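Construct the entire structure; sequences and hints are all you get.
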Amino acid sequence: MDGFDAYVADNQARFVAELQAFCRLPSVAAEGRAVAETADAVAARLAQAGAAARVVPVPGGSPVVLGEVGRGPRTLLIYGHYDVQPADPLAEWHSDPFGAEARDGRVYARGVSDNKGPVMARIQAVEAYRHAAGDLPVRVRFLIEGEEEIGSPHLAAFVEAHLADLRADLALWEGNGRDATGRPMGSLGQKGLASFNVRLRTARQDQHSMWGTLVPNALWRMVWALGTLKDPEDRITIEGLSDQVRSPGAAELALLDRIPFDDDRIHQQFGIRGFVRGLRGRDALRRHLFEPACTINGLWGGYTGPGGKTVLPAEAQAKIEIRLVPDLTPDLVARLLRVHLDRAGFADVELEPVDRLTPFRCRPDHPLVAEALAAAEETYGEPVALYPTSPGSGPMFQVCGPLQIPGISIGGMNHAGANIHGPNENIFISDYLLGIRFAGRLFARLGGTR
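With my numbering, letter number 142 in the sequence shown gets 496, and the count goes up by one each step, no holes.
Calculated directly from the structure, the hints in this document are not laboratory data. Mixed in with the good hints there might be a few duds.
[What the hints assert, rightly or not] In silico DMTMM-like cross-links for lysine to aspartate or glutamate, where the CA-CA straight-line distance does not exceed 20 Å:
| no. | residue 1 | residue 2 |
| --- | --- | --- |
| 1 | Lys673 | Glu503 |
| 2 | Lys584 | Glu704 |
| 3 | Lys673 | Glu706 |
| 4 | Lys673 | Asp588 |
| 5 | Lys673 | Glu732 |
| 6 | Lys673 | Asp685 |
| 7 | Lys663 | Asp588 |
| 8 | Lys673 | Asp637 |
| 9 | Lys584 | Glu675 |
| 10 | Lys673 | Asp696 |
| 11 | Lys584 | Asp597 |
| 12 | Lys584 | Glu645 |
| 13 | Lys673 | Asp719 |
| 14 | Lys584 | Glu503 |
| 15 | Lys673 | Asp585 |
On a predicted model such as this, the values are computed, not experimentally measured, just so you know.
Here it is, written out as structure tokens:
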């Protein structure tokens, strides 16, 4: 890899400048900004690197960029997204969120870590490898979508319609980077998600609160309904849900012993006295990764302005989510939740499904996972802290499920202070260059040249 590394070193200023130009495109999916322009930029950069690239329109959605380069007995699918979160609150940024300013060894921009840095680094790795060693020894396919930050609503249908273009042996996913200690991280899956808007009405309109002795209060009824979803020990009480949770295997549990998990640091970071149920160490980590979570995201109704108002609310609303683990699915959870509320006497509570993501987890002992870990260790000079799954959610199942392939998130640019989705999102330039080097080493290993 000497020639590859030399090419990256010789071109690092240009590579960083290209990243900055990419991040200056304000491709906010939720606002529909610069979407087509950014998709075209991705396709153009893929073509510049030597890939056959095309922008595929998506009816009612953002276009998807497909690319292909290299030849070999194995195929690597690189998934990423060019859309970003909104930059608000703007007042908390120290520089223009779409200015992509470089200072203090970092690039600051909305989306630079999530996910424009990894997307550009992996394209640049193709260029560097082809310049240093000729054609790639592995077929590399790119799937770069533009709706990840709004739940990838069109991705599943797109994958089903383009299976032949996406067939692969391994998916290299977005995300991960370094933990708070600086150790490189990887993960082998993502939790799913089923979220709902919840509504109920107890009267035609709000009343004077003197009627609180006789007229049902919508907010109290909402509180009682939501209170049936968990017990005081923070266990989910939706009947039948826990029966569908797949128990982790021995190989997955073994990973827990090699993951650094500092209870006290996390307590301090979040300003909490401790975790629920007093969990610590391995027990806390096991629950965090392998169990579903039920969360009230918001609850409102009645009067919330200044001063007082003696009102009896007629309507209450809430937002809830359930983070899913295998073998829970959004459809199954929606059915179980509806049956639970009806049995508990809350048939009047309306549930509107919002986000729907199926969980995904692949085997830690898959041989191509081992190749990816070896490429990362060679790049970073130390073993990767491998998580059996991310506690967050994403569309990994929508890609890896239909293709029936393993997926690994590794070689990203996240770090403890990256501020993903927040003001002053950033990456270290040194980590960016390592991300390029990691991709090149993964190409070599999958192609059997290392």
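query = Holds or violated: Lys673 with Glu732, Cα cutoff 20 Å?
reply = Violated. Lys673 to Glu732 sits at ~45 Å, over the 20 Å cutoff.
query = Does the structure keep Lys673 and Glu503 at a Cα separation of 20 Å or less?
reply = holds (18 Å)
key: Satisfaction of hint between Glu503 and Lys584, Cα-Cα up to 20 Å   = violated (29 Å)
ask   = Do the alpha carbons of Lys673 and Asp637 lie within 20 Å of each other, as the hint requires?
value = Between Lys673 and Asp637 the Cα gap is close to 29 Å, so the pair fails against 20 Å, i.e. violated.
request  = Take the C-alpha atoms of Lys673 and Asp696, compute the straight-line distance between them, and say whether it is at most 20 Å.
outcome  = Judged against 20 Å, a Cα distance of about 18 Å means the pair holds.
query = Taking 20 Å as the top limit, are the C-alpha atoms of Lys673 and Glu706 close enough?
reply = holds (10 Å)
inquiry  = Lys673 and Asp585 were given as a pair; does the straight-line alpha-carbon distance stay at or below 20 Å?
reply    = holds (19 Å)
task = Verify the proposed pairing of Lys673 with Asp588, using a straight-line Cα cut of 20 Å.
result = Cα-Cα ~18 Å, so holds.
query = Given the proposed pairing of Lys663 with Asp588, does the C-alpha separation stay at or below 20 Å?
reply = Roughly 33 Å separates the two Cα atoms, so the pair is violated.
ask   = Is it true that the CA of Lys673 sits at most 20 Å from the CA of Asp719?
value = Answer violated: Lys673 to Asp719 is near 38 Å, above 20 Å.
query = Taken at face value, is the distance from the CA of Glu704 to the CA of Lys584 at most 20 Å?
reply = Holds, at roughly 19 Å.
query = Does the structure keep Lys584 and Glu645 at a Cα separation of 20 Å or less?
reply = holds (14 Å)
Hints 5, 7, 8, 13, 14 from the list above are not met by this structure, while the remaining hints are.
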